[in-house]
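This is what each chain is made of:
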Amino acid sequence: MAQKKLSIRIDGQLISAEEGQTILQAAKANGKYIPTLCALDGLTPVGACRVCLVEVSGVDRLFPACTTPIQDGMSVTTNSPRLTRYRRISVELLLIERNHVCAVCVSNGHCELQSMATAFGINTVEFAYNYPKLSLDTSHPRFVLDHNRCILCTRCVRVCAELEGAHVWDLTSRGIHARIVSEMNEKWGQATSCTSCGKCVQACPTGALAEKGWAVEEMVKNLGTVTTLVHRRGVEV
Amino acid sequence: MPRIQDIGAFNTVREAGLAKLTPAVPRLTVGMGTCGRGNGAEGIYHAFSEGIERSGTDIVLAPVGCFGACFQEPLVSVRLPGKPLVILRKVQANDAGRILEDVVAGNLSPDLIYCKIEAWDHLTGHVRYGEGYPEVPAWNEVPFFKSQKKIVLRNCGIINPDDIEEYIAIGGYQALYKVLIDGRPETVIEQVKAAKLRGRGGAGYLTGNKWEFLAKAKAEPKYIICNADEGDPGAYMNRNEIESDPHSLIEGMIIGAYVMGAAEGIVYVRAEYPLAVHRLNRAIEQAREYGMLGENILGRGFKFDIALVEGAGAFVCGEETALIASLEGEAGRPRPRPPFPAQKGLWGKPTNINNVETWYNIAPIVMRGAAWFTETGSPKSSGTKVFSLVGKVKNTGLVEMPLGTSLKTFIYDIGEGATAGRQVKAVQTGGPSGGCIPHDMFDTPVDYENLAQLGSIMGSGGMVVMDEDNCMVDVARYFIEFTHSESCGKCIPCRVGLNKCLRILNRVTEGAGTTHHLELLDELSRYIRDCSLCGLGQTAPNPVLTTLRHFRNEFEDHILARRCTAGVCEELALSPCENSCPLHMNIPRFLQLYKEGRLEDAFLSVILDNPLPSSTGRVCQHPCDGRCRRQTLDQSVNMREVHRFIADSIFQSDKYEAMVQAVLARKLEPTGRKIAVVGAGPAGLTAAFYLALLGHDVTVYDSQSEAGGMLRFALPEYRLPKSILRREIELIERMGVRFTLNTRVGTDVPLNDLDDRFDSIFLSIGTWKESWVYQPGTELKGVYPALNFLEAVAAGQDVSIGRRVAIIGGGNAAIDSARTALRKGAEAIVFYRRERKDMPAIEEETNAAKEEGARFVFLAAPHRVMGDAKGCVRAIEIVKTRLGAYDASGRKKPISTDEIQRFDCDSVIFAVGETVDLDFARASGLSLKENGTIEVNRFTLETSRPKFYAGGDLVTGASNVSGAMGYGKQAARNIDRHLMEAERWARLFPDVEYGQTLPEEPSPSRRHTGQELAAAVRVLSQDEVVTGLSHEAAQDEACRCLRCDVKAVNVS
Ligand code: FES
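Protein chains in written order, with this note's numbering: chain A, 1 to 237; chain B, 1 to 1052.
Be a bit skeptical, because a hint or two may be false.
[Claimed, not checked] Here are a few chain A residues that sit away from chain B, every Cβ distance over 12 Å (derived from the structure):
#	residue
1	16
2	58
3	142
[Claimed, not checked] Partial selection, computed: residues in chain A whose CB lies under 8 Å from chain B:
#	residue
4	48
5	49
6	53
7	64
8	69
9	86
10	90
11	93
12	125
13	127
14	174
[To be verified] Some chain A residues flagged as far from chain B (calculated, every beta-carbon gap over 10 Å):
#	residue
15	30
16	41
17	117
18	134
19	137
20	139
21	184
22	213
23	217
Treat the hints as calculated values from the structure; they're not laboratory data. Quick reminder that beta carbons are idealized off the backbone N, C-alpha and C, glycines included.
Full structure from sequences and hints, please.
As structure tokens, this is what we get:
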């Protein structure tokens, strides 16, 4: 069925987009960049990281581009001093929340958090570091989970549930104590539902989920495999 | 009971219910909500039922819900046939026998009576109880209920929540019947829209619009949900509504379901509300039994049922998408909107969610119409809202008020103001994500828009009143701690942002805050508000943003002065008494030293903290008394009298010389810096003492012939013997301070001169000008400003006041004038325009004046002074006042009436307040504040002119002795720091070892006070009225200290 066409403006440019698309999808389809961390093409958007927030004219509030459906005549601004400031704070808060020590990270140089920080020119943070004591789960034969590097984007949760159908991962606890857990807080190695497909590892934006056997800077993720898979299987989002 | 299928059956039930509500025999009810039960209502109920059984009398006993006056719990109501319903308050189980006897005899126990209800409008029906008891106030005549309007709470506390027949009796389920018979859902939606009913859960969306949205949704089935997940600490209106009147909720929901086309309803209620769950379950069962739920409701073919789901009580589940997630069995985490629940809600189906209270408004709107509903409330927000008024007010409880009522009405009319001796400072509305509104904005009408404008929210209707004992930084910290722990953790702003906010606030309350922290807090809060995913995060920073906006000075106190004025932040105060003392005397230390028998050490501790300990020991306003923790046990420690005793024991003995040497030994090496102090009053003397101690060369200027300022010239001899003061000033002189008297700075010595000759100048002249307003007759002979009068008497001049003196005012100067006049053999009448309890004078002084024979006329303001042919005062006419609305000071404003009274007198003394000598302030060329006081940096006391500092009355307007001395101390410390570019203050104080153990098991003991001379004797002389403590009494007092300063308790 042919989708209805809607006209919207993104940063002043008139764009024709399909009804049902999110602002992010419409922007991407027209070559407009909006920064994202938790969104992953093909997975249900959750609006957790808030770096994709955009301004919609006529409305005071900010909207996450990844979850907000477009409306006819909508005029979206993807960049403003306020948005930049807020995006910076989001990234800074992620950096101080846990222990992101790039120098010893397998994903150094291939990390979405790191490259976003670089893009925003963050070389020092304004807030004091939290330095929480967090654990490492090395029980899986092929993969590791390092909570120190997790930003709780829940891409692993969604890729596992929506694509692999295994639903190994979930979020537990509240607030600052929220953690990714496998099954009912089982060690990953003991999680019987895990098929060891590795999609979560590929979907993870940082070094939180990684393959064993790689040294610093060596873990290059292949997001493409995940998104191609989505489209091939025709998963509806 | 067969299900009701027609109007005949309905009416039969109604009659049966009415017979229960107004039986032909006495009916007794007990308020058995959670609040009542917490206060022993169950015991009372049992006592009644046993008593009734034992005596075999015919009395109907029933439980009811809560009537709202929580501060009067437990409530019992009694109704004798044909008589009004009488509400008794604070009933105890052992009152039961007496009440039953009274009921049988047809009497009432007068001591328990709170109010009566002759007839009650349930809005859906009317009940007449009967008339009588003219001496008992009607319910809407008592202050707590006076301005309330009960729409939501229409049935609460009156009917038995466990009995559907009583609900039907007062017109319950009639609205439902009407809607079902009319069979036109769209008109009901129109009605709700026209009524402008807004969601009472907090966000305030128009309920009618929400309903229309769902009614129009195509997908089936549709769900309606009642959100009873009341998670705000301190808010309990939903709990009370369900406990007291569950059927109103059910009826509202059935009507909603019918007009929106839903077949299933869910009440999501907190599991922490067992009684509400229990009563609601019971009500649902009864509704099914009577044909209000299930198939073919009331025989009209409509089918609907309600399920009750108990939630785990996560705060975030108040957010509708999180609530839906929780109902679906998932973790209660919010989902992005859109899609909105009305499109895709529970199980992906169209869903309507309304708060408990919203549902309660439905039946009255249906029965009385939209126009009736919009009569109440403000133009944009119709109807009422239930608030839980708690915190630092006299009357607390659930209050239902028209939207748009001003905060003042809540706090002063219903709450009847602050608790004794305190002042309301702010009110926090809207629960943990609300904001704090300062006292000077209490005129604000309470509705959605106005609260939002002040940075707060309506929320579920929490209203927490705060007074000076609440630290606003701590309040912000407390609420952030709460929302932080309730954050679901999904989005970054709320999860990490709130955590960071909390950490910064913790630093500030621990005294480790920086001004940079304030900027960070502000930015972070805005970020969390603007970027969070759900309402929890978006509103969570409100407490921080509003306190930063309205109480920034408290944040600054914590950061720049390392002080928490409220005395809440433990790390920032040694003890509550030390914190409240303007001089920050280490009170526990001198008490302990004295207790250990170390008089000299105790004296050194006292004098180094307070250079005028004998004088202040007599005349200080002693704020420490009001803070002493001992009050919770018996009475506060008489700290002022102990330091007076310690100081007197040295000053009046041969130990004086040795102690002078001991103090001199503390002097730092001479610095060669020259400092001028202008004004030899308490502030100036204190500054001079410390500056000399710090090694500076100090010269004090004063226009009078003797040093001491107000202490010397305004305080009468009988309160502060001049010989005592002289001894203290002598010590300051011995420190090397030079006094240049009879010299007026500004005229005799220009300020520029001082600027040339000194390295720093501290200005501390007092408020010597009486701030009176001209009134007819004030030019007559025999009219005196109080300070001039006191000064002249103190200087030994002969002031003729005649036989009868009228004194106008209610402050210390008025009382001093009256007592001085009495000592001159005159009669004294004090006229004050407010009530006795509003007088700013020290209470003991007022009492003493009364004993000595002063007369007081309250609610009286001067009208005119009348003279004789020679231009002398002959009489005064006063105008009687009455008290109107509350003013900014939290007292009722006196308003003149037409009643004029005349009093013959020979002189009139005006003591209506003092102000700064504006001429001096203006001539000084320093920048001034609007009220004519000199503008200074609050922390350093620097003025707009380099080298010049100012403190005391010049900065604050008229204040008191210790307050002024506090400024002197602060100035000395800052001047020294600036001049010497180093923090040398701590070097002044020796390290002393003293006991650090807590007193064991303190037993109740009496507070010791000084002996007063008999009134008849003392009024004949200038002798000091209050003699000091004896050595034993002082010892006892020292031992009564609970040592709040000892914090690290060794548990061994
Ligand atoms: S990408 Fe939209 S919120 Fe994370």
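Among all the numbered hints in the text so far, which are the ones the structure does not match?
-> 12
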